[in-house]
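Going down the list, the sequences are from chains G and L. Using numbering that gives the first Met the number 0, you'd call the opening residue of the first sequence number 0 and step up by one each time. Using numbering that gives the first Met the number 0, you'd call the opening residue of the second sequence number 0 and step up by one each time.
A portion of the hints provided could be inaccurate.
What the hints assert, rightly or not - When the alpha-carbon atoms are kept at most 35 Å apart in a straight line, the in silico DSBU-like pairs for lysine-lysine are as follows:
| # | chain 1 | residue 1 | chain 2 | residue 2 |
| --- | --- | --- | --- | --- |
| 1 | G | Lys228 | L | Lys239 |
| 2 | L | Lys383 | L | Lys418 |
| 3 | G | Lys256 | L | Lys256 |
| 4 | G | Lys256 | L | Lys228 |
| 5 | L | Lys228 | G | Lys228 |
| 6 | L | Lys201 | G | Lys228 |
| 7 | G | Lys228 | G | Lys82 |
| 8 | G | Lys228 | L | Lys82 |
| 9 | L | Lys228 | G | Lys201 |
| 10 | G | Lys418 | L | Lys256 |
| 11 | L | Lys82 | G | Lys239 |
| 12 | G | Lys415 | G | Lys239 |
| 13 | G | Lys228 | L | Lys256 |
| 14 | G | Lys201 | G | Lys228 |
| 15 | L | Lys201 | G | Lys256 |
| 16 | G | Lys82 | L | Lys239 |
To be verified - Under 10 Å between C-beta atoms, here's a sample of chain G residues computed to sit facing chain L:
| # | residue |
| --- | --- |
| 17 | Arg38 |
| 18 | Asp177 |
| 19 | Pro247 |
| 20 | Gln257 |
| 21 | Thr265 |
| 22 | Ser266 |
| 23 | Ala301 |
| 24 | Leu363 |
| 25 | Trp382 |
Unchecked claim - Quick partial rundown of chain L residues pointing at chain G, CB under 8 Å, derived from the structure:
| # | residue |
| --- | --- |
| 26 | Glu77 |
| 27 | Tyr262 |
| 28 | Ser266 |
| 29 | Gly267 |
| 30 | Leu321 |
| 31 | Asp326 |
| 32 | Ala362 |
These are computed hints drawn from the structure, not numbers from a lab. All residues carry an ideal CB built from backbone N, CA and C; glycine is no exception.
Here is what each chain is made of, one letter per residue.
2 protein chains.
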Amino acid sequence: MTLKNVERPWEELHDIIASENLTTLQTFLETLGPTETARAISRISGDDQNRLFALLTPADAAEVIEDVSETQAADLMEALPPKQAAAIIDELQSDLQADLLGEISSENAEAILLEMSPEEAEEARELMAYPADTAGGIMIAEFLAFREDRTIHYVLERLQANRETYARYHVQYLYVRDREGRLTGVLRMHDLLFPERSRRLKELMIPNPLCVEATATLEDLQAFFDEHKLFGVPVVDAEKRMLGVVLPHDVEEAALKQADRQYLGTSGIVGGEEFRSMPLALRSRRRLSWLSINIVLNIIAASVIALYQDTLAAAISLAVFLPIISDMSGCSGNQAVAVSMRELTLGLVRPHEMLRVLGKEAALGLINGLVLGILLGGAALLWKQNPTLGLVVGVALMLNTLLAVSLGGLLPLVLKRLKLDPALVSGPILTTVTDMCGFFLVLSFATVVLPRLA
Amino acid sequence: MTLKNVERPWEELHDIIASENLTTLQTFLETLGPTETARAISRISGDDQNRLFALLTPADAAEVIEDVSETQAADLMEALPPKQAAAIIDELQSDLQADLLGEISSENAEAILLEMSPEEAEEARELMAYPADTAGGIMIAEFLAFREDRTIHYVLERLQANRETYARYHVQYLYVRDREGRLTGVLRMHDLLFPERSRRLKELMIPNPLCVEATATLEDLQAFFDEHKLFGVPVVDAEKRMLGVVLPHDVEEAALKQADRQYLGTSGIVGGEEFRSMPLALRSRRRLSWLSINIVLNIIAASVIALYQDTLAAAISLAVFLPIISDMSGCSGNQAVAVSMRELTLGLVRPHEMLRVLGKEAALGLINGLVLGILLGGAALLWKQNPTLGLVVGVALMLNTLLAVSLGGLLPLVLKRLKLDPALVSGPILTTVTDMCGFFLVLSFATVVLPRLA
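When you get a sec, could you build the whole thing from the sequences and use the hints?
Next up, the structure:
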């Protein structure tokens, strides 16, 4: 068991950094484990963090970077001089390099790329060009590929000569290509051990291996690995030239990242993850960027109420029901949003199947609207003994629930087609529209029957 | 590329089921791929689903079950006669058996367990006893373990004799135990190939292998596999007796499931996942179970407004700001909830560190409250040219933001300590409290300065 219960490891870490004893530091970090490392690093001061990375070798520092979340890692790298950050990032696997540099502001990333070894920098630049949740964005650039006319002898010699580089690769397959660089075959590594050394790859390879294009989506890749129990799949461009390899572990990690982003986006944490170890000003600014849009949308929605001030003044009890209708419609609509998001992720619904979703949600919206309308209308009736008030409030909530549920179901599909992030955008649009309609419904009904309400 | 673009595969599936041609059916399902299988199965009628499983062999049916989500799978199994469901579930890996039976209503699960083969049923029952997000809940019961005094010869004989059973295991390691069943060592499978056959496991094994207890949490396991690049870790009880093996893939899947549950819970989808292929009545009932609690909480919160009807009648413009303050406080609070949830998941904060979180969030709540208060107060001032109205609305939003952010940050920690699900419970508690306080703040301030408002 290496799962320790170290209560305040950052205090010990601080002391060790102050003592500048590299061996003690290395031993300490090894005993900590990844979660505790992340926690300890996030709790020491920025000065301590910089001193820590100045002490560690780039390879050791890279291991620390692998333990912390990408957001934390990006912040740590941005705080270092570019040359030092570059030496550390050089030690990471290509997909992590690209992810990390993608999180860093573009000037800082550029400064670091200029200090990296030219090959690593070029690889990272190429990977950074692909969208995150595609095969291109998930693949690693570390793979073994040889021309099909090479002999086993040649391949083994090359492996031997480059063993230090290749030892870092998680290699299970050797890919075979033709003179134009097109993928034509694959061999398992242990297939190299038994045949005669003079034979050529072309004679031994499994021809036309399974592959995916760089544009394959995360869902495509999940389906691929669900179906094929492989240790990796080659990624090719439109001309079948090999670009990289996607590993199943990285697909699962990308899916987890997507799920986290979705959760955070829905909750209004935008522009990257937030940790409480970040500077207060940054946390506050990021949260406000979301809140300030919302307050404007809220003021717009509530201005509907201002149009009906006379009605409201005449039947003041309506004021109690306005926030209830606003909140309940939001709740009903968000349920529908979540179901659509989930069905989209699982591939159970396609963005163009809007009629299907509308039919299913409208039916449900009608039933739930009826139930909620009766509940709220009944509460209003009981409170004021006024059937008209109950009717106005109940019917308004019923209709608005129907609208909220239908709209909530459709929004993620529409936003996906418009290439907007449904997790981020669905909520604010939904609540603004349903608030406006909800206020309008209650207050316009009330205006019509005002003599019976007042 | 096996990623096909079949637009409406369920229509073809329906026709094939009607034709009752098993070979065509098998070929068709093989070409579909997991996502498309899940989509097609969910779109055919319940009758077609039952006919499909009656046609397929249990082994084929089990492969279909592995393609669909757990919720879908549970629904499909519940619709079949227990005997038939049992034959299919018998074919699944033990952790999937337990997960699936856990999703099925307990009477139905019991009926299926009685029809399963006794060993499989017992294994499933044992696994079902562990909480889902612990090593016990994630582990599989299929592993190879031999007593340490066995010879290589004996082990190879047994592997040969049971090769059909063992072929289904994803085996990378062979575990070694003493006479009391305690885990004492481990061997990689290929370590069996080279030594003399008369040697005993005790002489060859790596002693005292890494292991985890059945109570280890999902976060512990994620940290474990981040640190140790192993193909699996043995799970032991307090006496070090071996219970099962946790595979890294299953840990990642459990983490993904947890993230999905968190997202769905926050959005008010409770009692399991919802798919639009489910019966309307079930979908409606499940969503209402959440909404009906919320409407009661909403009515309670809004009743604060009723207490101040006279104030409101005298200064009717306040009614415009009540829904805004309610919604904005909810937004600010939910951001803090999301950050706490995330830090808890990543192990960056522990449930007892409430003072740290309170300090960090109160500071942020003060700043954001000030900004939002000035924005809303300014809007009120511009609209009505009444500084008192601006002051009342602005100060109320400022104080309520401070409260919402602090409470939102603390709630997940408190709920975690109380062993309640923070994803599910944080939202309703937060909005009820912040609504009540928000309404109270605006209206009680307004009552004090009423002459200047009216």
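Now for the hints, and whether the structure bears them out:
1. G/Lys228 x L/Lys239: Status holds; Cα separation ~32 Å.
2. L/Lys383 x L/Lys418: Not OK: lysine 383 of chain L and lysine 418 of chain L at ~48 Å, beyond 35 Å, violated.
3. G/Lys256 x L/Lys256: Distance ~12 Å between lysine 256 of chain G and lysine 256 of chain L Cα, so the pair holds.
4. G/Lys256 x L/Lys228: holds (20 Å)
5. L/Lys228 x G/Lys228: This hinted pair holds, its Cα atoms lying about 19 Å apart.
6. L/Lys201 x G/Lys228: holds (33 Å)
7. G/Lys228 x G/Lys82: violated (41 Å)
8. G/Lys228 x L/Lys82: Holds, because 30 Å separates the two Cα atoms, which is no more than 35 Å.
9. L/Lys228 x G/Lys201: holds (33 Å)
10. G/Lys418 x L/Lys256: holds (26 Å)
11. L/Lys82 x G/Lys239: violated (49 Å)
12. G/Lys415 x G/Lys239: This hinted pair holds, its Cα atoms lying about 29 Å apart.
13. G/Lys228 x L/Lys256: holds (21 Å)
14. G/Lys201 x G/Lys228: It holds: about 24 Å lies between the C-alpha atoms, which stays within 35 Å.
15. L/Lys201 x G/Lys256: violated (43 Å)
16. G/Lys82 x L/Lys239: violated (49 Å)
17. Arg38: This interface hint holds because 5 Å falls under the 10 Å limit.
18. Asp177: Aspartate 177 of chain G check fails; min Cβ-Cβ to chain L is 19 Å, beyond 10 Å.
19. Pro247: holds (8 Å)
20. Gln257: holds (9 Å)
21. Thr265: Cβ of threonine 265 of chain G sits 7 Å from chain L, so the hint holds.
22. Ser266: The hint holds - serine 266 of chain G has a Cβ within 10 Å of chain L, the shortest such distance being about 3 Å.
23. Ala301: holds (5 Å)
24. Leu363: Cβ of leucine 363 of chain G sits 5 Å from chain L, so the hint holds.
25. Trp382: holds (8 Å)
26. Glu77: violated (19 Å)
27. Tyr262: Given a least distance of 4 Å, the restraint on tyrosine 262 of chain L holds.
28. Ser266: holds (3 Å)
29. Gly267: Since the shortest Cβ distance to chain G is 5 Å, the answer is holds.
30. Leu321: holds (6 Å)
31. Asp326: Holds. Min distance 5 Å.
32. Ala362: Where the cut-off is 8 Å and the nearest Cβ of chain G is about 6 Å from alanine 362 of chain L, the hint holds.
When each numbered hint is compared with the structure, violations occur for hints 2, 7, 11, 15, 16, 18 and 26.
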